[in-house]
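These are the residues of each chain, in order.
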Amino acid sequence: MKAIFRIRRYNPEKDKKPYWQEFTLEDVLPTDRVVELLHRIKWEQDGTLTFRRSCAHGVCGSDAMRINGVNLLACKVLVRTFARDDAEEVKIQVEPILGLPVLKDLIVDMEPFFSHYRAILPYLITSEPPPADGRERRQSPQERAIFDDTTKCILCACCTTSCPSFWANDSYVGPAAIVQAHRFIFDSRDQAADQRLNVLGAPDGAWRCRTIFNCTPACPREIKVTQAIGEVKLAIVRGVEHVRQQKIADLKETPAPEE
Amino acid sequence: MQTHQFDVVVVGAGGAGLMAALYASQNGANVAVVSKLYPTRSHTGTAQGGIGAALGNLEEDRWEWHAFDTVKGGDYLADQDAVKVLAEQAVSAIIELELMGLPFDRNPDGTISQRRFGGHTNNITKKPVRRACHAADRTGHMILQTLYQQCIKNQIRFFDEYHAMDQLLSDDGRSAGVVAVEIGSGELHVFHSKAVIWATGGWGRLWSVTSNAHSLTGDAPAILLRRGLPMEDMEFFQFHPTGLYGLGVLITEGVRGEGGILLNGKSERFMERYAPSIKDLASRDVISRAIYLEIQAGRGIGGRPYVHLDVTPKTVNRYLAEAGESRRIDGNYVIQKLPDILDFCRVYAGVDPVEDPIPVAPTAHYGMGGIPTNIDAEVLAKPDGTIVPGLYAAGEVGCVSVHGANRLGTNSLTDLIVFGRIAGRKAAEYAKSAGMPALPPDPAGKVSAELARLRSGKGSSRPGPIRAKMQQAMMDHVGVFRTEAGISETIQIIRGLKEQFNTDLVIDDRGQQFNTDLLEAWELGAMLDLAEVTAASALARTESRGAHSREDYPKRDDQNWLVHSFVWQDGDTIRLDHSRKVDLSLGHEPMERVY
Chain A
3 MKAIFRIRRY
13 NPEKDKKPYW
23 QEFTLEDVLP
33 TDRVVELLHR
43 IKWEQDGTLT
53 FRRSCAHGVC
63 GSDAMRINGV
73 NLLACKVLVR
83 TFARDDAEEV
93 KIQVEPILGL
103 PVLKDLIVDM
113 EPFFSHYRAI
123 LPYLITSEPP
133 PADGRERRQS
143 PQERAIFDDT
153 TKCILCACCT
163 TSCPSFWAND
173 SYVGPAAIVQ
183 AHRFIFDSRD
193 QAADQRLNVL
203 GAPDGAWRCR
213 TIFNCTPACP
223 REIKVTQAIG
233 EVKLAIVRGV
243 EHVRQQKIAD
253 LKETPAPEE
Chain B
513 MQTHQFDVVV
523 VGAGGAGLMA
533 ALYASQNGAN
543 VAVVSKLYPT
553 RSHTGTAQGG
563 IGAALGNLEE
573 DRWEWHAFDT
583 VKGGDYLADQ
593 DAVKVLAEQA
603 VSAIIELELM
613 GLPFDRNPDG
623 TISQRRFGGH
633 TNNITKKPVR
643 RACHAADRTG
653 HMILQTLYQQ
663 CIKNQIRFFD
673 EYHAMDQLLS
683 DDGRSAGVVA
693 VEIGSGELHV
703 FHSKAVIWAT
713 GGWGRLWSVT
723 SNAHSLTGDA
733 PAILLRRGLP
743 MEDMEFFQFH
753 PTGLYGLGVL
763 ITEGVRGEGG
773 ILLNGKSERF
783 MERYAPSIKD
793 LASRDVISRA
803 IYLEIQAGRG
813 IGGRPYVHLD
823 VTPKTVNRYL
833 AEAGESRRID
843 GNYVIQKLPD
853 ILDFCRVYAG
863 VDPVEDPIPV
873 APTAHYGMGG
883 IPTNIDAEVL
893 AKPDGTIVPG
903 LYAAGEVGCV
913 SVHGANRLGT
923 NSLTDLIVFG
933 RIAGRKAAEY
943 AKSAGMPALP
953 PDPAGKVSAE
963 LARLRSGKGS
973 SRPGPIRAKM
983 QQAMMDHVGV
993 FRTEAGISET
1003 IQIIRGLKEQ
1013 FNTDLVIDDR
1023 GQQFNTDLLE
1033 AWELGAMLDL
1043 AEVTAASALA
1053 RTESRGAHSR
1063 EDYPKRDDQN
1073 WLVHSFVWQD
1083 GDTIRLDHSR
1093 KVDLSLGHEP
1103 MERVY
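Chains as they are written, first to last, in our numbering: chain A, 3 to 261; chain B, 513 to 1107.
Honestly, the hints are just simulated from the structure, not real lab data.
In this text, a Cβ means the ideal position worked out from N, Cα and C, and glycines have one as well.
One thing to keep in mind: the hints can contain errors.
Listed below are several chain A residues computed to face chain B (Cβ distance under 7 Å; list not exhaustive) [to be verified]:
id : residue
1  : Tyr-12
2  : Pro-14
3  : Thr-52
4  : Cys-57
5  : Val-61
6  : Val-72
7  : Lys-106
8  : Ser-129
9  : Glu-130
10 : Glu-138
11 : Arg-140
12 : Ser-142
13 : Thr-153
Taking the hints into account, I'd like the entire structure generated from these sequences.
Now the structure itself:
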């Protein structure tokens, strides 16, 4: 089929403001990834088209873009998302993710995003000495399971830049930072939940979340982002232990897989 | 142009680079990490199935078995002194990652969970052993995240999106630093340092079907070749047997570790014929060749160039029963153990592996060769062991050589951690004793001239088609199977493409900021250099060993070829040397390799 791309362009060395440019590609397949088609445009038609990408299969988190109005990784969305397989034409609009300064074409300044990430102390903090036998610390499969979902985050910024609260106020730490905090707050080996909850209990922390739910469908890793934020909010109010016990109880209701 | 001074500069921010940076910093060095990507985008993050170490959490295991399996997997080309370091230190490396906070999957007793992986065995029973420590099927992601977290905690200085393009050497032959372009501004930066650690990963983008990221263009090997330094064992490049058909996206060996089976178009479990003992868990070179041969014999799926990887509970349980094992799995088990694989298959192939088999074919995956180093991660200037003072390499870009002619699954991650920390520690020790080397005059001049030439090219050849032709030629003739005629033809093609690149190139973007058109063109130049030395190394080795399979020399030849290949680029000519003998200090003499 034919693909008609409408791409938001901006070259800081030439343009006073961003503009839209159209490109047409022939022989596009329903199974083509959008990032491949952006490469075709760059490699066949206009080498100045600029975007980030690396792994091209949804793991490295480089190519978050707003595609047909939705935050997606360009390497994890196929043409068939936007057109029937037998369609003659597909229209794809691509623009930078919102809420971060645009540097060139589809590239945004990620520093504000990573600065929010660093604010929640994204590393294990414990004063517990390592086990005397020189082996690993023990952690039960249940203790491990309750923060499994939030370990999947690849810091692509799809969630944070889909959040109207973040658009309105970029000092809000945003969903991704809260997801990363969740990963440590509910890790039985970590002892700094209070420090993180202090950050997230502050005015620019978790309470800026208005439970709009944009972040959850935006996540290419299918993390239940809004739920994680809810658990962090509950931990601020009721304490981490309360939420942890509840999560472990919920696990017990789901039968373990057979091996 | 800006100049910075550090004790140690690490180039690359994947597992090896971050580990090296942490260790250099903890050992008192002032460290900078320079990477063309944001650290969390590094390719370590895509590693799936596990990291190998003989923890013995679920059954008896010993580092000596891990070492032997690695030597055998490498078809006896691995240096056994280096393999000893890898296997022995793997155990403490895993414990260290756990203490840093890595969320490994756990056994019911709270210890780290381990699974089976290709080529890893109990050396007494010869049965597969559970050695691969994992975090679901995103082990590399968790390693990358954990190391980056530790770097933030330890306030390591990062230069994100700085593309390194040159190695500086002082008059007396010491490493003096690197030159990098700041991608956002186009400005050149000189990183003047006592020590440099290259940790930039692989070069899978030389081939048309690869599991590798677009960024894996072999920059560091090309940079060092251009500075007159050798590469080692470049003919050994691993094709992973199970890339998602068409795309090459990696489908972890962990799928087979959990019981998945390879089936051909006649629904035969063909690996029974090629590796009667451990079948679908034979090493990767063996399985990739088997798949090619099945396809050649018309036994692909529907006669097409792929086979099936079947992890549906029905099939897995059938073969478990056949093997007399009591264990059975259900769909939930597959979902919990291989969530990302399910996701890849659903998104890219429209297949649900719980219900249907996955279409797979070999995909270019991993360079066993690279920058030659000794077991202290010091870069070798010559095959006799002479080093370049202050220069280090670790991870996939290095060749120490622990992987020999074929890497075992899970050993790449082990390599990153074990040799990353050695490189960091050694570089910091060196920096303590050494003075700051003198910078050469006009240190950024070479890069500046190269970029100016690429930016102002007035020819008619765009980089894209040159790259595509190189990738196709490498796939056709320097892939799973090779012949003299095919390799020679490829060398001619590559030389023609190099000529075109040097004399007729044109790019569209003439700007300074985020000029990825320019950077991709520069990367293409690096890849063309590597393609030529890879093909030349493959042509010279007239035997079949590990991943290097010559149809015209089908046998391994220990008489003549128990040696490493060193290759130099002297202007337009390629020079080879085969004087460096394989280290056999663990006492594993070459034996026939059967699985």
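Agreement of hint Glu-130(A) with chain B interface, Cβ distance less than 7 Å: At about 10 Å, which exceeds the 7 Å cut-off, the nearest Cβ of chain B leaves the hint on Glu-130(A) violated.
Closest C-beta approach of Lys-106(A) to chain B relative to 7 Å, hint status: At about 4 Å, which falls below the 7 Å cut-off, the nearest Cβ of chain B leaves the hint on Lys-106(A) intact, so it holds.
Status of the hint placing Val-72(A) at chain B (closest C-beta pair under 7 Å): Nearest chain B Cβ about 15 Å off; hint violated.
Agreement of hint Thr-153(A) with chain B interface, Cβ distance less than 7 Å: This interface hint holds because 5 Å falls under the 7 Å limit.
Hint check: 7 Å Cβ-Cβ cutoff, Ser-142(A) to chain B: holds, 5 Å
Residue hint Cys-57(A), partner chain B, criterion CB-CB below 7 Å: With a closest approach of 4 Å, the Cys-57(A) hint holds.
Interface hint outcome for Pro-14(A) [beta carbon to chain B under 7 Å]: This interface hint holds because 6 Å falls under the 7 Å limit.
Interface hint for Val-61(A), Cβ within 7 Å of any Cβ on chain B: Interface hint status for Val-61(A): holds (5 Å vs cutoff 7 Å).
Chain B contact restraint for Thr-52(A) - C-beta distance below 7 Å: Holds, about 5 Å.
Closest C-beta approach of Glu-138(A) to chain B relative to 7 Å, hint status: Nearest chain B Cβ about 4 Å off; hint holds.
When the least beta-carbon distance from Arg-140(A) to chain B is tested against 7 Å, hint result: holds, 3 Å
Chain B contact restraint for Ser-129(A) - C-beta distance below 7 Å: violated, 13 Å
Violated hints, listed in ascending order, are 1, 6, 8 and 9; each of the other numbered hints is respected by the structure.
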